[in-house]
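> Each chain is listed here by its residues.
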Amino acid sequence: MADTLQNPNPNNISAYYQTRAAHHGVVTSDWLAQAQAAVGRHPDDVLPPEPEVKVAGKPFSVIHEFNNWRNQPDLAEAVAAIRALAAVIRNSEATTMMELEIELKKASDSLKSWDTTSISLTAGCDLFMRYVTRTSALEYEDFNSAKSRLIERAEKFGEISYKARRIIAMLSQDFIFDGCTILVHGFSRVVLEVLKTAAQNKKLFRVFCTEGRPDRTGLRLSNELAKLDVPVKLLIDSAVAYSMDEVDMVFVGADGVVESGGIINMMGTYQIALVAHSMDKPVYVAAESYKFARLYPLDQKDMAPALRPIDFGVPIPSKVEVETSARDYTPPQYLTLLFTDLGVLTPSVVSDELIQLYL
Amino acid sequence: MDPRRAPRTVSDPKVRQVGFFAPGAAIPDRSQSGPPDHISSLPPTIADLSPSGANSLSPVMIPPPRHASAPLSPLRRDTVPVGSYNASDFMPATSPTAATSSSDDVAWVGRGGRAGAASSSFPGGGFDMPAASSVPASGLTTVSVVNLPPGLSEKAGVAAELQNDRTTHSKPLKEKMTKAERRALQEAQRAAKAAAKAEGGKAPPASSGAVSSANAKSAKAAKPSSQKNDNVTVAASEKKGSDRPPEKDRKKDVPQPRMQYDDKSRVEKAKKRAVVKQTEARNRVELFRHLPQYEHGTQLPDLESKFFQLDPMHPAVYKVGLQYLSGDLCGGNARCIAMLLAFQEVIKDYSTPPEKTLVRDLTAKIGSYVSFLIECRPLSISMGNAIRFLKNRIAKLPLTFSESEAKATLHSDIDRFINEKIILADKVIVKHAVTKIRDGDVLLTYGSSSAVEMILLHAHELGKQFRVVVVDSRPKLEGKLLLRRLVGKGISCTYTHMNAVSYIMHEVTRVFLGASSVLSNGTVYSSVGTACVAMVAHAFHVPVLVCCEAYKFHERVQLDSICSNELGKHFWFL
Numbered sequence: 001m002a003d004t005l006q007n008p009n010p011n012n013i014s015a016y017y018q019t020r021a022a023h024h025g026v027v028t029s030d031w032l033a034q035a036q037a038a039v040g041r042h043p044d045d046v047l048p049p050e051p052e053v054k055v056a057g058k059p060f061s062v063i064h065e066f067n068n069w070r071n072q073p074d075l076a077e078a079v080a081a082i083r084a085l086a087a088v089i090r091n092s093e094a095t096t097m098m099e100l101e102i103e104l105k106k107a108s109d110s111l112k113s114w115d116t117t118s119i120s121l122t123a124g125c126d127l128f129m130r131y132v133t134r135t136s137a138l139e140y141e142d143f144n145s146a147k148s149r150l151i152e153r154a155e156k157f158g159e160i161s162y163k164a165r166r167i168i169a170m171l172s173q174d175f176i177f178d179g180c181t182i183l184v185h186g187f188s189r190v191v192l193e194v195l196k197t198a199a200q201n202k203k204l205f206r207v208f209c210t211e212g213r214p215d216r217t218g219l220r221l222s223n224e225l226a227k228l229d230v231p232v233k234l235l236i237d238s239a240v241a242y243s244m245d246e247v248d249m250v251f252v253g254a255d256g257v258v259e260s261g262g263i264i265n266m267m268g269t270y271q272i273a274l275v276a277h278s279m280d281k282p283v284y285v286a287a288e289s290y291k292f293a294r295l296y297p298l299d300q301k302d303m304a305p306a307l308r309p310i311d312f313g314v315p316i317p318s319k320v321e322v323e324t325s326a327r328d329y330t331p332p333q334y335l336t337l338l339f340t341d342l343g344v345l346t347p348s349v350v351s352d353e354l355i356q357l358y359l
Numbered sequence: 001m002d003p004r005r006a007p008r009t010v011s012d013p014k015v016r017q018v019g020f021f022a023p024g025a026a027i028p029d030r031s032q033s034g035p036p037d038h039i040s041s042l043p044p045t046i047a048d049l050s051p052s053g054a055n056s057l058s059p060v061m062i063p064p065p066r067h068a069s070a071p072l073s074p075l076r077r078d079t080v081p082v083g084s085y086n087a088s089d090f091m092p093a094t095s096p097t098a099a100t101s102s103s104d105d106v107a108w109v110g111r112g113g114r115a116g117a118a119s120s121s122f123p124g125g126g127f128d129m130p131a132a133s134s135v136p137a138s139g140l141t142t143v144s145v146v147n148l149p150p151g152l153s154e155k156a157g158v159a160a161e162l163q164n165d166r167t168t169h170s171k172p173l174k175e176k177m178t179k180a181e182r183r184a185l186q187e188a189q190r191a192a193k194a195a196a197k198a199e200g201g202k203a204p205p206a207s208s209g210a211v212s213s214a215n216a217k218s219a220k221a222a223k224p225s226s227q228k229n230d231n232v233t234v235a236a237s238e239k240k241g242s243d244r245p246p247e248k249d250r251k252k253d254v255p256q257p258r259m260q261y262d263d264k265s266r267v268e269k270a271k272k273r274a275v276v277k278q279t280e281a282r283n284r285v286e287l288f289r290h291l292p293q294y295e296h297g298t299q300l301p302d303l304e305s306k307f308f309q310l311d312p313m314h315p316a317v318y319k320v321g322l323q324y325l326s327g328d329l330c331g332g333n334a335r336c337i338a339m340l341l342a343f344q345e346v347i348k349d350y351s352t353p354p355e356k357t358l359v360r361d362l363t364a365k366i367g368s369y370v371s372f373l374i375e376c377r378p379l380s381i382s383m384g385n386a387i388r389f390l391k392n393r394i395a396k397l398p399l400t401f402s403e404s405e406a407k408a409t410l411h412s413d414i415d416r417f418i419n420e421k422i423i424l425a426d427k428v429i430v431k432h433a434v435t436k437i438r439d440g441d442v443l444l445t446y447g448s449s450s451a452v453e454m455i456l457l458h459a460h461e462l463g464k465q466f467r468v469v470v471v472d473s474r475p476k477l478e479g480k481l482l483l484r485r486l487v488g489k490g491i492s493c494t495y496t497h498m499n500a501v502s503y504i505m506h507e508v509t510r511v512f513l514g515a516s517s518v519l520s521n522g523t524v525y526s527s528v529g530t531a532c533v534a535m536v537a538h539a540f541h542v543p544v545l546v547c548c549e550a551y552k553f554h555e556r557v558q559l560d561s562i563c564s565n566e567l568g569k570h571f572w573f574l
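Chains A and B are the protein sequences, given in the same order.
Per the UniProt record's numbering, the first sequence starts with residue 1, numbered consecutively.
Per the UniProt record's numbering, the second sequence starts with residue 1, numbered consecutively.
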């Protein structure tokens with residue numbers, strides 16, 4: 001277990017973004033549909049079954065569990081972590097509540113340390129711990145009933161997180177009107193869900209995708225949208241201000257939502273929000289509630305750095321530095337609304353919600 | 001020098017016009033405070049200012065109280081066309097402001113001294129309240145206005161509006177106003193007599209008399225409803241005026257605002273009870289008339305000599321009071337801790353007198369000590385919250401406790417308060433704030449705040465590389481002490497004065513400020529100059545971090561710095 005605990009990327013490259021890149025390289029909705037057809041159930045209804053958890057004699061490894069979950073491309077990393085932690089409870093051999101909590105804490109810490117740059121992972125783990133251990137069932141005399149209560153809550157939390165995307169998609173339908181133009185940045189599965197639902201509801205709209213170098217998110221997103229018969233236009237990142245007057249709204253996802261109500265998202269989001277704000281275009285963020293983190297960046301550099309390699313296609317002279325940060329922080333005054341599974345929130349309400357979630 | 005000053009300003013050295021004045025403007029709607037023989041039909045001018053300071057034009061236009069009349073019956077509402085006022089606007093009883101207004105109004109009737117009936121807010125002030133004479137002591141809600149001469153009906157209309165809300169508001173506080181009711185009755189009877197003489201719409205002395213307590217507040221007859229809120233706050237403060245903790249716990253939820261020093265009678269009363277004899281400052285600044293302005297420097301020797309004579313005062317409290325007065329103890333936390341430790345001594349030495357209960361007697365004693373401390377130096381918000389906590393704990397003592405048990409409980413409660421809310425809170429603040437300091441930072445701080453000092457020292461201990469800019473200002477130059485302590489620990493510091501803050505701000509990466517309190521609308525209440533530093537930082541896009549323990553938070557809302565403040569000593573500037 002020790003070697004799996006070490007960060008697989010010792011030279012500070014963000015595993016989170018690498019994973020996402022890997023996912024995006026592989027998945028298309030065709031593939032997903034095939035996989036699920038093979039499994040033989042509707043993707044939305046039932047939770048995919050858990051992989052074989054415990055071979056007799058082999059110690060339970062939460063990282064192993066987590067990796068199993070993570071490999072499903074449709075599953076958010078935080079949700080995978082939550083599922084893994086739920087599995088920890090299920091497989092725990094503790095006999096008292098304290099022991100169980102300590103085990104959970106250890107598992108949560110190991111998950112967090114696996115990738116320290118992922119905000120949603122940390123936030124998801126923290127929220128899970130709060131939600132689960134706050135149960136009043138912990139006062140039951142009988143440990144087993146308390147434990148089963150905990151498992152129930154854990155699974156419920158996993159389910160909420162899993163269904164969060166659909167809730168968000170439903171909430172955002174009112175904001176997409178016929179004939180609107182939406183600018184999208186980054187490949188967010190939540191935003192994709194929103195647009196998919198809108199397309200299914202027969203709304204007429206078109207989408208501008210930023211290219212999203214170097215991850216090529218724009219290309220992938222436009223691929224997906226083209227399959228839905230949504231008119232898509234690709235823009236290079238520099239063409240955002242140029243096209244902003246045609247745009248009716250900006251839709252982005254979030255890697256994390258911070259205490260101030262701002263968001264941390266793929267590099268370029270701040271720029272687009274600034275341009276949109278100066279031209280009075282609304283910026284909408286679609287984020288699940290487990291992404292709410294207890295962070296308060298005072299400026300762009302106040303976060304843990306998350307670096308990923310950028311490939312320019314041509315070799316760069318060795319004396320030249322490259323800014324390899326993968327994400328930026330958008331302050332709350334440039335955001336209009338956040339669509340979450342807790343409802344449609346203004347940025348100022350986020351701190352209230354955080355207090356309720358965390359305390 | 002000042003074009004705003006009226007040429008006919010009385011150049012009395014004792015009263016200086018500073019602040020916002022309408023030069024010589026005669027505003028006919030104003031009624032006057034002051035001697036009763038002023039007839040309010042005469043437009044008041046600035047020249048009418050009397051040396052005693054009871055003038056009619058306040059630089060800060062604090063509208064007069066609603067008026068100190070007894071409430072009207074609902075009959076009134078039907079007969080009189082109501083102007084801009086809507087009876088439905090004033091909801092009965094449920095809001096504390098409503099409750100306070102009614103209590104205040106009736107109280108003013110007593111305080112008015114002369115036929116509190118008439119309202120100052122009437123044009124020409126022609127309204128009197130013979131009707132009030134029929135107010136029974138208990139029946140504040142039913143006032144028959146039948147006696148009102150028809151000639152006054154249009155003016156009464158305005159009064160009706162004002163009284164209507166009183167009707168609705170007086171109900172919840174009826175039972176607490178016995179003394180005031182009796183006085184109201186007296187005044188009303190007197191007013192009836194006066195009104196009988198001065199019939200025909202002439203402003204009786206009553207109208208001006210009623211305003212005497214609401215010293216020099218301008219009357220705006222046309223907008224009674226808009227005045228209401230201002231009146232309520234002024235009224236509320238006057239009502240709750242000086243500390244009377246043992247009697248009334250009714251305003252438990254609403255913290256006591258500072259006493260407004262415009263009200264002469266209140267000030268008189270407070271003076272009578274005062275231990276520290278304060279002489280009024282000779283040169284009073286009009287802008288700050290609502291704040292205490294006393295001669296400083298005379299009390300210290302006076303108090304020192306009295307040290308062994310003051311039986312009612314516990315020596316520990318006396319000592320703390322002297323330390324406040326002389327300026328030895330300053331800073332919200334230090335003052336609060338010193339006060340609480342003094343109270344611990346008090347409780348330790350306390351023994352219940354015969355025929356009294358510990359709860360009530362101890363609360364009364366604490367109240368009197370608090371009044372003493374206020375006279376030495378106005379309470380800081382941290383101290384106010386601590387006192388509220390202590391009184392709460394005393395009130396919650398189970399009746400079954402013996403005296404020694406109660407004392408031990410209170411002792412440990414105070415210890416716990418200090419430990420949890422101050423010491424541990426500081427540790428948590430430091431732990432969190434230190435994460436915001438990075439290597440290479442330039443941190444700016446203003447004045448001397450204990451929380452900020454702890455943060456800087458801790459960050460230095462953790463080995464972070466940063467430097468500090470200490471901004472200081474006259475007259476106290478508190479920053480020098482902070483500078484000395486930081487440099488003593490090896491932190492590289494820069495020291496500058498307030499006038500250079502915009503010069504140095506471009507180098508700064510973070511600003512750390514301390515606070516005396518954070519109010520419920522997010523306003524930070526801190527030593528003077530903090531706002532300036534924060535605004536300059538904002539202009540340079542430098543993040544401003546305020547460090548304040550949670551026990552200093554307060555639920556009031558302050559819109560500017562003047563309405564509630566503490567005045568410093570003039571000799572500091574010389």
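A couple of the hints might just be wrong.
Said to hold, decoys possible - Capping the alpha-carbon separation at 30 angstroms, the derived lysine-lysine pairs in DSSO-like fashion look like this:
id, chain 1, residue 1, chain 2, residue 2
1, A, K112, B, K269
2, A, K105, B, K431
3, B, K269, B, K179
4, B, K179, A, K112
The set of hints was computed from the structure by calculation and includes no laboratory data.
The model shown is predicted, which means the values in this text are computed figures rather than measured ones.
> Each hint needs a verdict: does it hold in this structure or not?
Status of the hints after comparison with the structure:
1. K112(A) - K269(B): Violated, at about 65 angstroms.
2. K105(A) - K431(B): Within the cut-off at roughly 22 angstroms; holds.
3. K269(B) - K179(B): Holds - the C-alpha atoms of K179(B) and K269(B) are around 16 angstroms apart, at most 30 angstroms.
4. K179(B) - K112(A): Status violated; Cα separation ~68 angstroms.
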